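Sequences are here, hints too, so could you generate the full structure?
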Amino acid sequence: MSAVVSPIREPLVTGGKTYHQITEDICSPTERTPSAAWVLAFIVAVTGLALFVFGVAWTIWQGIGTWDLNRTIGWSWDITNFVWWVGIGHAGTLISAILLLFRQRWRTGVNRAAEAMTIFAVICAGQFPLIHMGRIWLAFFIFPYPNTRGPLWVNFNSPLLWDVFAISTYFTVSLLFWYTGLVPDFATVRDRAKGIRRKLYNFLSFGWTGSAKHWQRWEALSLVLAGLATPLVLSVHTIVSFDFATSVIPGWHTTIFPPYFVAGAIFSGFAMVQTLMIMTRKILKLEDYITLEHIESMNKVILATGTIVGVAYLTELFIAWYSGYIYEQFAFYNRVLGPYYWSYIGMMSCNVLSPQIFWWKSLRRNIFVTFVMSIFVNIGMWFERFVIIATTLARDYLPSSWSYYVPTWVEIIIFIGSLGLFFTLYLIFVRVAPVVAVAEVKSILKAGGDQYIGPNANKAHHGSKEAAH
Amino acid sequence: MSNQKKDILYGLYNDEEYLLKAVDHANAEGIEITEVFTPFPVHGLDPKLGFSESRLHITGFVYGMLGTLTAFLFMTWVFTRDWPIIFGGKPYFSAPAFIPITFELTVLFAAVGMVVTFYIICGLGPGVTIPTLDDRITDDKFCIAFDVTNAEASFTDKLKGFFSQTGAEEVNTKNI
Chain A
3 MSAVVSPIRE PLVTGGKTYH QITEDICSPT ERTPSAAWVL AFIVAVTGLA
53 LFVFGVAWTI WQGIGTWDLN RTIGWSWDIT NFVWWVGIGH AGTLISAILL
103 LFRQRWRTGV NRAAEAMTIF AVICAGQFPL IHMGRIWLAF FIFPYPNTRG
153 PLWVNFNSPL LWDVFAISTY FTVSLLFWYT GLVPDFATVR DRAKGIRRKL
203 YNFLSFGWTG SAKHWQRWEA LSLVLAGLAT PLVLSVHTIV SFDFATSVIP
253 GWHTTIFPPY FVAGAIFSGF AMVQTLMIMT RKILKLEDYI TLEHIESMNK
303 VILATGTIVG VAYLTELFIA WYSGYIYEQF AFYNRVLGPY YWSYIGMMSC
353 NVLSPQIFWW KSLRRNIFVT FVMSIFVNIG MWFERFVIIA TTLARDYLPS
403 SWSYYVPTWV EIIIFIGSLG LFFTLYLIFV RVAPVVAVAE VKSILKAGGD
453 QYIGPNANKA HHGSKEAAH
Chain B
3 MSNQKKDILY GLYNDEEYLL KAVDHANAEG IEITEVFTPF PVHGLDPKLG
53 FSESRLHITG FVYGMLGTLT AFLFMTWVFT RDWPIIFGGK PYFSAPAFIP
103 ITFELTVLFA AVGMVVTFYI ICGLGPGVTI PTLDDRITDD KFCIAFDVTN
153 AEASFTDKLK GFFSQTGAEE VNTKNI
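For the record, the sequence lines run as chains A and B. When the first sequence is numbered by the working numbering, its final residue is 471 and no position is left out of the sequence of numbers. When the second sequence is numbered by the working numbering, its final residue is 178 and no position is left out of the sequence of numbers.
Please note: incorrect hints may appear among the correct ones.
[What the hints assert, rightly or not] Each pair of labels, with its calculated beta carbon distance range: (1) B/N174 <-> A/P36: 35 to 41 Å; (2) A/I45 <-> B/Q6: 52 to 58 Å; (3) A/Y406 <-> B/V118: 48 to 54 Å.
[Stated by the list, open to error] Here are the simulated BS3-like cross-link-like pairs (lysine-lysine), alpha carbons at most 27 Å apart as the crow flies: (4) A/K448 <-> B/K50; (5) A/K196 <-> B/K7; (6) B/K160 <-> B/K8; (7) B/K50 <-> A/K215.
Note that these hints are calculated values from the structure, not bench results. In this text, all values refer to a predicted model and were calculated from it rather than measured experimentally. By construction, the Cβ of each residue, glycine as well, lies at the ideal position given by its N, Cα and C atoms.
This is the structure in structure tokens:
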């Protein structure tokens with residue numbers, strides 16, 4: 003293929019693809035029998051899911067006493083996991099919404115899978131506050147519905163209730179955004195399928211035809227949804243941070259939390275996107291769509307947000323010292339050098355120090371290094387939430403209430419199981435839906451500089467017109 | 003809207019550049035295009051087809067405002083009229099604390115309202131089946147369609163001439 007490759011920018015889709023090849027490459031994984039790698043991964047994921055179900059059932063049957071929570075440490079692995087999963091859920095909407103508004107065309111290669119990841123991560127996150135309630139059968143009490151107790155309404159001034167609204171709105175809007183993007187691609191799969199599969203995908207594609215007027219409205223809708231999702235994604239983790247920041251616990255009561263949490267969320271979300279994309283592109287052979295350029299761009303985001311998070315950690319320590327308030331000073335002294343010092347070391351080394359290797363271009367473009375780093379970042383971000391929650395609660399105002407928290411086997415299997423839930427959903431997704439946004443990739447194929455034949459095409463560098471026919 | 007079947011004469015093009023040229027050609031000749039189908043949104047096509055800008059974003063604003071008012075007025079009513087409770091020594095009407103939920107419901111109403119409106123005005127939805135002209139339209143073919151139900155033979159011939167002039171790869175008739 004006589005492709006014109008811009009000396010300034012790498013093409014967004016490599017391999018000189020035609021429109022039909024794009025359809026073929028992206029849709030065929032949903033049509034083949036699953037590969038051995040997929041089956042193996044699915045068995046592992048479902049085993050994890052079974053652990054999750056068992057752990058949750060055990061908790062509900064026996065009660066919250068099966069966890070190591072106590073009067074002082076009322077939140078621990080459960081809320082750590084909740085915040086960790088919500089944070090991971092931020093990258094998808096960031097990629098699809100904010101990068102859409104900034105006209106970053108490379109997002110088309112990864113946005114579909116990243117949005118799916120968002121939705122599944124929010125599903126995992128939502129489990130934890132529910133099971134933490136203890137009496138999960140009363141979970142509907144969190145909604146303001148007219149009830150027979152007055153009606154006694156929920157407390158609209160409480161950040162925990164804001165969380166309910168933020169997470170459920172975020173989930174709904176992400177789901178609508180993702181599905182509306184999927185509709186034309188389901189139509190592509192439908193038109194390749196026969197029999198029962200055709201009926202199924204016709205149902206999923208809502209009867210999409212590709213009419214020019216529909217495309218116009220579809221683009222208008224995507225743009226406004228992106229505009230709405232952008233402040234939404236920033237608001238969600240801000241509100242999650244309010245759970246801590248509006249309390250009066252030293253170490254939590256800080257105004258730096260909202261930006262610090264949002265940066266951390268983007269950081270961990272991109273790390274999880276890297277973990278998934280590196281595996282997905284390899285297993286589904288999508289290296290031409292999810293290119294090294296994508297991986298490098300995302301590594302730059304990881305470096306930037308990791309450094310922001312690092313600045314936030316140091317600012318926190320400085321302000322604690324500078325405040326002159328001994329309880330605050332003790333909270334941070336304890337955070338760094340107290341009984342959980344090992345988790346602070348884990349957080350600092352995984353989140354702040356290790357991403358600095360991405361200053362080197364060769365390491366940013368190294369797939370193995372990126373994969374290892376993405377795992378590191380996820381571990382580090384889990385530690386960050388644990389550090390904030392457990393170390394602070396373990397040393398409160400009354401030394402007589404001080405204690406040390408160790409998770410029980412139930413809490414451990416629920417956390418590991420939530421990974422099973424996440425990967426089960428993700429693996430089902432890669433089987434039934436196009437993992438890369440087919441229509442959107444086609445729309446940037448020529449803008450990427452590869453096969454443009456329009457009025458401004460540089461004919462001298464391009465194959466004859468007949469070749470394009 | 004009639005459910006009667008129509009005879010559709012359509013041509014398939016291999017590239018959006020040929021499609022755009024063909025649409026220009028049709029406009030110059032004064033041929034009215036019934037519909038255009040493409041595998042992805044083709045930029046620059048809408049003005050050529052004479053589409054006005056979509057008004058979906060206006061509906062989005064209206065739904066959003068509805069959400070803002072619903073959330074803010076409801077919380078105000080609950081805390082000042084229906085069941086006033088003092089939380090943390092703050093006044094009953096503590097507007098700053100209402101902001102997060104007001105914002106979330108604004109976004110929720112706008113997004114849900116717009117998406118539902120989009121599917122309704124496009125006539126799409128779960129279980130809807132619209133017969134398509136060609137399976138390759140969602141793959142790599144760009145289609146211009148003319149309604150030729152009860153059309154005179156001379157008109158149909160003119161359209162066929164148009165397709166061959168503009169380089170359509172295939173020209174077919176389908177009754178859908």
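List of violated hint numbers, smallest to largest: Going through the list in order, the structure violates no hint and respects every one.
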